[in-house]
Every structure is written in C-alpha cells, then in structure tokens.
Amino acid sequence: AQKVTQAQTEISVVEKEDVTLDCVYETRDTTYYLFWYKQPPSGELVFLIRRNSFDEQNEISGRYSWNFQKSTSSFNFTITASQVVDSAVYFCALTRSGGSYIPTFGRGTSLIVHP
Amino acid sequence: EAGVAQSPRYKIIEKRQSVAFWCNPISGHATLYWYQQILGQGPKLLIQFQNNGVVDDSQLPKDRFSAERLKGVDSTLKIQPAKLEDSAVYLCASSFPGGGSPLHFGNGTRLTVT
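Chains as they are written, first to last, in our numbering: chain F, 1 to 115; chain E, 1001 to 1114.
Because the hints were derived from the structure by calculation, they are not lab data. Please note that the accuracy of each hint is not assured.
Said to hold, decoys possible - Calculated lysine-lysine pairs in the DSS-like style (CA-CA distance at most 27 Å, straight line): (1) Lys1062/E / Lys38/F; (2) Lys3/F / Lys1044/E; (3) Lys1062/E / Lys3/F; (4) Lys38/F / Lys1071/E; (5) Lys3/F / Lys70/F; (6) Lys70/F / Lys1011/E.
Unchecked claim - Here are a few chain E residues that sit away from chain F, every Cβ distance over 10 Å (derived from the structure): (7) Ser1007; (8) Ala1020; (9) Gln1041; (10) Pro1043; (11) Arg1064; (12) Leu1070; (13) Lys1071; (14) His1104; (15) Gly1106.
Said to hold, decoys possible - Which chain F residues stay away from chain E? Per the calculated CB distances, all over 12 Å, these: (16) Val4; (17) Glu10; (18) Val14; (19) Thr31; (20) Glu44; (21) Leu48; (22) Gln57; (23) Gly62; (24) Tyr64; (25) Asn76; (26) Thr78; (27) Val85; (28) Thr95; (29) Phe105.
Keep in mind that this is a model prediction, so the values were computed, not measured. All C-beta atoms, glycine included, are put in the ideal place defined by N, C-alpha and C.
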C-alpha cells in the first residue's frame, strides 16, 4: 500500500522568509513517481513538479527547489523568499510507475504568507 | 489547450436527494479521475477510468455513488441518495496514461448537503 505523509498542517511565514514543506512517503514499489501540486484559494490544483524514483537530483526552478532523498523516503519542497502569492495548500502525491497507477495524495500543507 | 471542464461549480441539495456532476477532460487524455476532497483533507480517489473502462473504484461507495464514461471522453458522477457526509468538493482530473503523467484538475464542484 502507498502512503504519503505531510506532517505540517499549516505554516505561517512573513514575506521574504524561506519555507520548507515536508513530504514523507511509503511504497513497496522500486519504481515510482512523486509529485507536488499547488491549490490556491481559487481551488484548482496545479501541477508543479514530477520526480521519478531513479532521479535523485535536486531541482531548482526560480524560487522553488525540491530535495528528493530515497534514503529517508522524503521529497521536500522549499520556497525561497516567499511571496504572498505563494499562499496556498500544497499537496505531495505518489504514483507507481506501472500497472494500476493510482495517485495517492497527502493531506496537504496550508502555507500562509503574510505581507 | 483547454483545461478540464466541470459543472456545476456549486450545488446545494437536501439529504436523500440525488445529484450529478459532469466532467469534460483535456482532449487526448485517456485517463480520467474523480476525487472527493473534504475540507482540510487531501483528495481521495473515488474512481479512475482508462478510456471507458474502470481501472479502480475500490473507494467508491457503490450503494450510493455511480460513475460512467460511456464514450471514453465525458464523464458523470452521480450520488443517490445523498448523505450529509457527502458534503465536499468533487474534483475531476485527466492525464495521459502512465504513472508518470501529471494530473490536470478542473475547478471542482462544491457540494453542500443539508
């Protein structure tokens, strides 16, 4: 069975602070994909990034960076110099790569960025 | 490209009534998902289609929920009869086949059962 744990329910920061959202996953599969999605107040979930289990390279995209560590089954997301527009609920998700690839989502972390 | 279309955006019904939601996926996306998102929780998969076949419906309360995707494109999700605990946002998503394909979500339908 697959499981995604986002232990941080809500994080509150002041603009320009750096913030890290944690994601820990469980799976028996050797090949799988991890995702991050953003759900702004408008409600529509938006895909941010995908990482496959064979690629442990960290990735940076502007103010966003992702740290994937298979040894600790974690896929953490860092926002540098946070902005008010980053306020949203962020979800981590896990999918096996083949067969019945049912996406499993974590409970989400609500990020509030104060001006 | 046009996104995933869902309707209605909001629906308020009384318990024991029936309700239906509609979803039109992104063109070319063979896989379609219906998720239920209760306030403060992550999306919970109700049913996953590959074209017009069901891949997984293990968490669909089949005594009251039904879903179909007859021509492998549009899909409808129905609840009959509704219960108070069905109050949630119902999200439709679509993707290309395969676990590595990201999901594209619609705006969702917010259902309130009174």
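Do the hints match the structure? See the list:
A distance of roughly 30 Å separates the Cα atoms of Lys1062/E and Lys38/F; the hinted pair therefore is violated under the 27 Å criterion. Of the supplied pair hints, the one linking Lys3/F and Lys1044/E holds, its CA atoms being roughly 12 Å apart against a limit of 27 Å. Between Lys1062/E and Lys3/F, the direct Cα distance comes to roughly 24 Å. Compliance with the 27 Å bound is thereby established for this hinted pair. Between Lys38/F and Lys1071/E the alpha-carbon distance is near 31 Å, which puts this suggested pair outside the 27 Å criterion.
About 15 Å separates the Cα atoms of Lys3/F and Lys70/F, which keeps this hinted pair within 27 Å; it holds. Distance hint between Lys70/F and Lys1011/E is unfulfilled; the C-alpha atoms sit about 43 Å from each other, more than 27 Å. Ser1007/E, annotated as away from the interface, keeps every beta carbon of chain F farther than 10 Å; the closest lies near 14 Å. The Cβ of Ala1020/E sits about 20 Å from the closest Cβ of chain F, beyond the 10 Å cut-off, so the non-interface label holds.
Not every beta carbon of chain F lies more than 10 Å from that of Gln1041/E, the smallest distance being close to 6 Å; the non-interface claim is violated. At the 10 Å boundary, the C-beta of Pro1043/E falls inside the reach of chain F, the nearest C-beta of that chain being 5 Å off. Every beta carbon of chain F lies more than 10 Å from that of Arg1064/E, the smallest distance being close to 21 Å; the non-interface claim holds. No Cβ of chain F comes within 10 Å of the Cβ of Leu1070/E; the nearest lies about 22 Å off, and the non-interface call holds.
Annotated as non-interface, Lys1071/E keeps its C-beta farther than 10 Å from every C-beta of chain F; the closest such distance is 23 Å. The beta carbon of His1104/E is not kept farther than 10 Å from every beta carbon of chain F, the shortest such distance being approximately 7 Å. Annotated as non-interface, Gly1106/E brings its C-beta within 10 Å of a C-beta of chain F; the closest such distance is 7 Å. Look at Val4/F: its CB is around 8 Å from the nearest CB on chain E, not clear of 12 Å, so calling it non-interface is violated.
Non-interface call for Glu10/F relative to chain E: violated, since the shortest CB-CB distance, roughly 10 Å, does not exceed 12 Å. Annotated as non-interface, Val14/F keeps its C-beta farther than 12 Å from every C-beta of chain E; the closest such distance is 24 Å. Not every beta carbon of chain E lies more than 12 Å from that of Thr31/F, the smallest distance being close to 8 Å; the non-interface claim is violated. The non-interface label for Glu44/F is inconsistent with chain E: the shortest C-beta to C-beta separation is roughly 5 Å, within 12 Å.
Non-interface call for Leu48/F relative to chain E: violated, since the shortest CB-CB distance, roughly 9 Å, does not exceed 12 Å. Non-interface call for Gln57/F relative to chain E: holds, since the shortest CB-CB distance, roughly 16 Å, exceeds 12 Å. Separation of Gly62/F from chain E is adequate, the least Cβ-Cβ distance of about 18 Å exceeding the 12 Å criterion. With a cut of 12 Å on Cβ distances, Tyr64/F stays outside the contact zone with chain E, its closest approach being about 15 Å.
Consistency note on Asn76/F: stated as away from chain E, and its beta-carbon is indeed over 12 Å from all of that chain's, at 17 Å minimum. Every beta carbon of chain E lies more than 12 Å from that of Thr78/F, the smallest distance being close to 20 Å; the non-interface claim holds. Here Val85/F stays apart from chain E, with its beta-carbon at least about 19 Å from theirs, past the 12 Å limit. In this structure Thr95/F is not separated from chain E by more than 12 Å, as the shortest Cβ-Cβ distance comes to only about 4 Å.
For Phe105/F, the shortest C-beta to C-beta distance to chain E comes to about 4 Å, within the 12 Å cut-off, and the non-interface label is violated.
Hints 1, 4, 6, 9, 10, 14, 15, 16, 17, 19, 20, 21, 28 and 29, counting from the list given before, are not met by this structure.
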